[in-house]
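Given only the sequences and the hints, what does the whole structure look like? Please build it.
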Amino acid sequence: AQSVTQLDSHVSVSEGTPVLLRCNYSSSYSPSLFWYVQHPNKGLQLLLKYTSAATLVKGINGFEAEFKKSETSFHLTKPSAHMSDAAEYFCVVSDRRNFNKFYFGSGTKLNVKP
Amino acid sequence: SAVISQKPSRDICQRGTSLTIQCQVDSQVTMMFWYRQQPGQSLTLIATANQGSEATYESGFVIDKFPISRPNLTFSTLTVSNMSPEDSSIYLCSAAPGTGPRDTEAFFGQGTRLTVV
Numbered sequence: 796a797q798s799v800t801q802l803d804s805h806v807s808v809s810e811g812t813p814v815l816l817r818c819n820y821s822s823s824y825s826p827s828l829f830w831y832v833q834h835p836n837k838g839l840q841l842l843l844k845y846t847s848a849a850t851l852v853k854g855i856n857g858f859e860a861e862f863k864k865s866e867t868s869f870h871l872t873k874p875s876a877h878m879s880d881a882a883e884y885f886c887v888v889s890d891r892r893n894f895n896k897f898y899f900g901s902g903t904k905l906n907v908k909p
Numbered sequence: 028s029a030v031i032s033q034k035p036s037r038d039i040c041q042r043g044t045s046l047t048i049q050c051q052v053d054s055q056v057t058m059m060f061w062y063r064q065q066p067g068q069s070l071t072l073i074a075t076a077n078q079g080s081e082a083t084y085e086s087g088f089v090i091d092k093f094p095i096s097r098p099n100l101t102f103s104t105l106t107v108s109n110m111s112p113e114d115s116s117i118y119l120c121s122a123a124p125g126t127g128p129r130d131t132e133a134f135f136g137q138g139t140r141l142t143v144v
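As they're listed, the protein sequences go chains G and Y. Convert by adding 795 to the 1-based position in the first sequence; the result is the number in the working numbering. Convert by adding 27 to the 1-based position in the second sequence; the result is the number in the working numbering.
Worth flagging that the hints you see were computed from the coordinates, not collected in a lab. Check each hint, because a few of them may be wrong.
[Stated by the list, open to error] Once the Cα atoms are required to be at most 30 angstroms apart in a straight line, the calculated DSBU-like pairs of lysine-lysine come out as: (1) G/K844 <-> G/K908; (2) G/K904 <-> G/K864; (3) Y/K34 <-> G/K908; (4) G/K896 <-> Y/K34; (5) G/K837 <-> Y/K92; (6) Y/K34 <-> Y/K92; (7) G/K896 <-> G/K908; (8) G/K896 <-> G/K844; (9) G/K853 <-> Y/K34; (10) G/K908 <-> G/K853; (11) G/K908 <-> Y/K92; (12) G/K853 <-> G/K904; (13) G/K864 <-> G/K844; (14) G/K908 <-> G/K837; (15) G/K896 <-> G/K863; (16) G/K863 <-> G/K904; (17) Y/K92 <-> G/K844; (18) G/K837 <-> G/K896.
Structure (C-alpha cells):
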C-alpha cells in the first residue's frame, strides 16, 4: 500500500530564509514521488517529480527535493523563500502498478512573512 | 502534457438533487481519476475511470452515490447524487496519459467547487 505523511501542517518562514517541507512515504514498491503546489483558488501545479533516476530532483521556482530511500523521505527545500511561495504544498506518491493512482499527503501550508 | 477543462467551475445546489461534472482532456489519455478535496483538507481519490470498463471505486465511495462515465479517451463525467451538505467540496478531475513505467505524471483540472445548501 502507498501512503504519504507530511510532518508539518503549517510552516512559517521569513522572506529570504530557507524553506523545508517534510514528507515521508510508505510504499511496497519503488515509488514515484511528486510535490504539487496549490495557490488559493487555483489548480494544482507540479513542482517536481522523482521517478527512479537522480535522487536529487530540481523543480520549478528554485525548489528541489531529495529522495532518500534509507529514510523513506522526500523533503522539499528552497534556499530563499519568496512572498509568492505562500501556498499549500502536497507530497504525493503514485502506484505505478495500479494505474498510476496518486495518493496525497495531508498538505503543508507555507506562510512567508515579509 | 495535457490540459484539462472542468465544467462547471462552481455551483450551489439544493440538497437531494444531483450534479454532473464534466471533464474534457485536450488529448487522448488512458486513465482518468476523480478526487474530492473537502474544505481545509487534502485530496482523496474517489475512483479511477478507464475507457470501456466500469469505474473502480476507492474504499468509502460507491457507484450509486458517485456514478462515473468514460465514453471515450478524452472525456469523463462524475455525478454527485442525492446531495447533502456533507458533499460540499472541490471535485477534481485528473488524467494520466499512460500506465507504462515512464508515464508517471498526472495532470489536474481546476476543480469544481460545489456547495450544497
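So, going through the hints one by one against the coordinates:
no.	hint	in the structure
1	G/K844 <-> G/K908	holds (27 angstroms)
2	G/K904 <-> G/K864	holds (25 angstroms)
3	Y/K34 <-> G/K908	violated (36 angstroms)
4	G/K896 <-> Y/K34	holds (23 angstroms)
5	G/K837 <-> Y/K92	holds (27 angstroms)
6	Y/K34 <-> Y/K92	holds (19 angstroms)
7	G/K896 <-> G/K908	violated (35 angstroms)
8	G/K896 <-> G/K844	holds (15 angstroms)
9	G/K853 <-> Y/K34	violated (33 angstroms)
10	G/K908 <-> G/K853	holds (24 angstroms)
11	G/K908 <-> Y/K92	violated (43 angstroms)
12	G/K853 <-> G/K904	holds (21 angstroms)
13	G/K864 <-> G/K844	holds (15 angstroms)
14	G/K908 <-> G/K837	holds (21 angstroms)
15	G/K896 <-> G/K863	holds (22 angstroms)
16	G/K863 <-> G/K904	holds (23 angstroms)
17	Y/K92 <-> G/K844	violated (33 angstroms)
18	G/K837 <-> G/K896	holds (22 angstroms)
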